[in-house]
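K.L.:
From first to last, the protein sequence lines are chains E and X.
Under my numbering, the first residue of the first sequence is numbered 1, with each subsequent residue one higher.
Under my numbering, the first residue of the second sequence is numbered 1, with each subsequent residue one higher.
Check the hints yourself; a few may be wrong.
Said to hold, decoys possible - Taking lysine to aspartate or glutamate pairs in the DMTMM-like style, the calculated list, with each CA pair at most 25 Å apart, reads:
1. E:K120 / E:E101
2. E:K266 / X:D32
3. E:K266 / X:D31
4. E:K210 / E:E136
5. E:K266 / X:D44
6. E:K210 / E:D133
7. E:K210 / X:D62
8. E:K120 / E:D272
9. E:K210 / X:D113
10. E:K120 / E:E221
11. E:K266 / X:D41
What the hints contain is simulated information worked out from the structure, not anything from laboratory work.
Note that the coordinates shown come from a computational prediction; the quantities given were computed from them, not determined experimentally.
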Amino acid sequence: MTSTTPDGLAGAEATAGDDLLLPELVAHLREHRTQLRREWANRITDESLLSAMTPQEIFSEATSVYDNYVGVLETGSVEALQDYARDLSERIIPRGVETNEVVGIVLLLRDVLARSLFEKYHNDFGLLNRVLDAYEPAANRIANTVAVSFVQERERVIRQQADAIRELSTPVLQVRERLLILPIIGVLDDQRADQLTEQLLGGIRRHRAKVVVIDITGVPEITAEVANHLVQAVDASRLMGAGVIITGLSPEIAQTLVTIGVDLTKMNTVGDLQGGIEEAERLLGFRVTRASDEDG
Amino acid sequence: MTDREVSAEPLRVSILSQGSYLIASIHTALDDGQLVRFQRDLIDRIGSQRARGVVIDVAALDVLDSFGSRTLRDIARMSRLRGAETVIVGIAPELAVSMVRLGLQLEMPTALDLEEGLAYLRSVTGTAILP
Numbered sequence: 001m002t003s004t005t006p007d008g009l010a011g012a013e014a015t016a017g018d019d020l021l022l023p024e025l026v027a028h029l030r031e032h033r034t035q036l037r038r039e040w041a042n043r044i045t046d047e048s049l050l051s052a053m054t055p056q057e058i059f060s061e062a063t064s065v066y067d068n069y070v071g072v073l074e075t076g077s078v079e080a081l082q083d084y085a086r087d088l089s090e091r092i093i094p095r096g097v098e099t100n101e102v103v104g105i106v107l108l109l110r111d112v113l114a115r116s117l118f119e120k121y122h123n124d125f126g127l128l129n130r131v132l133d134a135y136e137p138a139a140n141r142i143a144n145t146v147a148v149s150f151v152q153e154r155e156r157v158i159r160q161q162a163d164a165i166r167e168l169s170t171p172v173l174q175v176r177e178r179l180l181i182l183p184i185i186g187v188l189d190d191q192r193a194d195q196l197t198e199q200l201l202g203g204i205r206r207h208r209a210k211v212v213v214i215d216i217t218g219v220p221e222i223t224a225e226v227a228n229h230l231v232q233a234v235d236a237s238r239l240m241g242a243g244v245i246i247t248g249l250s251p252e253i254a255q256t257l258v259t260i261g262v263d264l265t266k267m268n269t270v271g272d273l274q275g276g277i278e279e280a281e282r283l284l285g286f287r288v289t290r291a292s293d294e295d296g
Numbered sequence: 001m002t003d004r005e006v007s008a009e010p011l012r013v014s015i016l017s018q019g020s021y022l023i024a025s026i027h028t029a030l031d032d033g034q035l036v037r038f039q040r041d042l043i044d045r046i047g048s049q050r051a052r053g054v055v056i057d058v059a060a061l062d063v064l065d066s067f068g069s070r071t072l073r074d075i076a077r078m079s080r081l082r083g084a085e086t087v088i089v090g091i092a093p094e095l096a097v098s099m100v101r102l103g104l105q106l107e108m109p110t111a112l113d114l115e116e117g118l119a120y121l122r123s124v125t126g127t128a129i130l131p
């Protein structure tokens, strides 16, 4: 952040005086804290920012932000503000607060404070200029810090959710000894297909599986690449000594696979998950009977 | 396995006998010369031990090139001609993926591990031959 001093020489001369400007500024902002804070909170409400929060919440957050803001002006260190902004973002992101709202309120505060400085120094234009020279870079840095912290926090949340989705998207479930099912829901892309292979082979080894049923009822469509991935996953499973049964191929997917000419002759496919599990049980030598039939 | 020279080092393979089955464990990556020697030794042992089945454990391998997979396939075919069934066990997930990506076809039975491999051999050769 560069200083906006218009004239280098004049700026240098004024330095001694300017050193006292920021403390004066801070004292002014502290003195009018209640009034400025209310004005700011009102403007936030007027512009219908932070609509996800109640007026009381806005006021209490506004108080914290205000105090932090003045603290940064006083010390020139944004570290505490950074921590606070991250903490604030953590609290308000789950409530649906958008980036433009956060940037908006910080800019509003900057404007509210600048207005109050105008009012205080409007008689001495030269002094006002120097006050603004001291205030503006600091204020801009604060706005920058808050916005960046917010965006970083959002990105962290998004990354975390993406990881969670990735982890949950291909569960490997054991239904009987040596029998696994992999229900797949949603669009399969290359990356997910890769992950599927990894989970499948890892699951085979971990559970010592002999038969795996992959159910793709929840997959709306499939591309040639992904189909080939699937064929490869089945081949790799066979190398590890496990047979794969694919179930729930929709009419659309069946049509796609035949049209693009994926070689499925080696694939064991069964209409639905129930049929797949029954077939797998047969292969493993299980026989499921109704208790009543057994008694009779 | 980029080294294609015939190595003078001792074989990194052990061939153990278990009843009428042979268990060959490959402990480390083999170069082509070592593979050929392994193949010859194993086929010899099938005759001398009157083996009915062979388990080849490749759990220690993380790569297998086309020569390696062809040699394994040849071993299976030759074993069959000498009266023994062959099963490959212990292919790790990474190895399975890389083999499939390279388009290497084993065209022979595989099983998860030694235990499964022996169970497979028992099912195809029958238990009657065991004492």
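K.L.:
Hints first: check each against the structure and report whether it holds.
P.N.:
Do the hints match the structure? See the list:
1. E:K120 / E:E101: violated, 29 Å
2. E:K266 / X:D32: violated, 31 Å
3. E:K266 / X:D31: Measuring from Cα to Cα gives roughly 32 Å; hence the hint is violated.
4. E:K210 / E:E136: violated, 69 Å
5. E:K266 / X:D44: violated, 34 Å
6. E:K210 / E:D133: Not OK: K210 of chain E and D133 of chain E at ~74 Å, beyond 25 Å, violated.
7. E:K210 / X:D62: The given pair, whose Cα atoms are some 22 Å apart, holds under the 25 Å limit.
8. E:K120 / E:D272: At roughly 77 Å apart (the allowed maximum being 25 Å), D272 of chain E and K120 of chain E break the hint.
9. E:K210 / X:D113: Satisfied, since the Cα-Cα distance of roughly 11 Å is no more than 25 Å.
10. E:K120 / E:E221: violated, 66 Å
11. E:K266 / X:D41: Cα-Cα ~34 Å, so violated.
Checked against the numbered hints given earlier, this structure breaks hints 1, 2, 3, 4, 5, 6, 8, 10, 11; the rest are met.
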